[in-house]
Amino acid sequence: MNLLRKLLFPFAILYGIITSIRNFLFDKGVLKSTSFDIPVIAVGNLSVGGTGKTPQIEYLIRLLSDKYQVATLSRGYKRQSEGFVLADETSNAVILGDEPFQFFQKFKNIQVAVDANRTNGIQKLLSQPKKPQIILLDDAFQHRKVKAGFYILLTSYGDLYADDWMLPTGNLRESRSGAKRANIVIVTKCSSDLKESDQQNIRRKLKLEPSQELYFTYIDYDDCIYSQTGKLAIEEIKKERKLLLAGIAKPTPFFEFLKSNDDECLTFPDHHHFTETDITTIANKAKKHKIITTEKDYVRLKGTNIAPQLFYLPIKSTFINYQNNFDTTILNYVGKSTGNS
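Here the sequence shown is numbered in this note's numbering, starting from 35 and rising by one per residue.
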């Protein structure tokens with residue numbers, strides 16, 4: 035923790051008091067939460083920064099969309115549009131935001147919508163001719179104006195909410211006690227061989243309620259990179275010189291997975307909107323070599339003049355153990371739920 039953050043500790047206390055009062059008022063019904071008569075699953079975190087929400091939402095889509103009509107609802111961070119937008123063939127990352135557009139590109143059998151007002155967004159989705167049976171709320175753990183029927187809380191291994199502090203001293207959006215709202219807590223970005231003893235140590239540190247379930251996942255990288263025209267095996271391009279590009283919160287693991295000695299890494303801010311100047315810089319650094327980026331960045335870059343050189347590396351969230359238990363819990367909630375009130 036740097037000196038400036040330590041000096042801001044009094045503001046962290048004040049911020050914690052404000053968010054705790056807000057949560058208390060929602061808990062007591064003084065502030066209104068709206069519930070809906072279909073299953074609503076909220077995925078989020080207590081901290082700012084990347085905890086792996088996008089691959090977790092995609093895991094749920096794969097689990098549920100073969101049996102149910104699924105819709106995702108996000109706020110559409112940094113999109114250049116306002117209000118409720120339902121994705122269609124005219125949509126792009128500028129209109130939807132990069133992550134919702136990624137969902138829309140990958141999963142053709144679901145509905146993808148964005149709205150900063152989640153209550154309005156759900157109401158709009160339910161008024162569509164093709165009414166969803168399940169709604170997945172992306173990054174909505176603190177959006178308490180909607181009362182979801184099921185909450186999944188993510189926290190990164192090595193950056194657990196139990197070890198963090200309130201903003202601006204730390205990265206917590208609300209007090210650690212907010213974790214009690216979660217039905218399931220998932221520790222993300224673990225090593226794939228995390229020992230059972232280490233899992234138990236984390237369980238003790240998080241101090242979960244007996245009714246809460248705890249799982250551990252890791253980021254699983256694809257064996258291939260993909261472009262508009264095809265794919266290449268990772269092993270084929272490992273020794274080849276290339277430009278690695280990422281505009282995500284924590285790009286180091288992405289770079290480490292792909293990097294060889296002669297590769298150059300280029301980093302942009304999370305959810306960055308690439309300008310013409312950025313594209314020129316990227317092209318100059320890459321020269322005629324391949325450019326490999328994240329899937330989230332790819333949806334913003336594939337329409338630019340570097341597209342012929344551009345590839346992306348897909349990722350997915352994989353459970354270290356007890357995946358069947360997780361799937362059963364989710365499917366039981368969806369199957370038995372006739373409403374969230």
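Heads up, a few of these hints could be off.
To be verified - Okay, derived cross-link-like pairs now, DSS-like style, lysine-lysine, Cα gap no bigger than 27 Å in a straight line: (1) K181 - K66; (2) K336 - K350; (3) K229 - K66; (4) K322 - K273; (5) K229 - K101; (6) K140 - K272; (7) K284 - K272.
I should point out that these hints are in silico values taken from the structure, not numbers from a laboratory.
Going through the hints against the structure:
no., hint, verdict
1, K181 - K66, "holds (9 Å)"
2, K336 - K350, "holds (21 Å)"
3, K229 - K66, "violated (43 Å)"
4, K322 - K273, "holds (16 Å)"
5, K229 - K101, "violated (34 Å)"
6, K140 - K272, "holds (26 Å)"
7, K284 - K272, "holds (21 Å)"
Hint compliance for this structure: hints 3, 5 are broken, all remaining hints hold.
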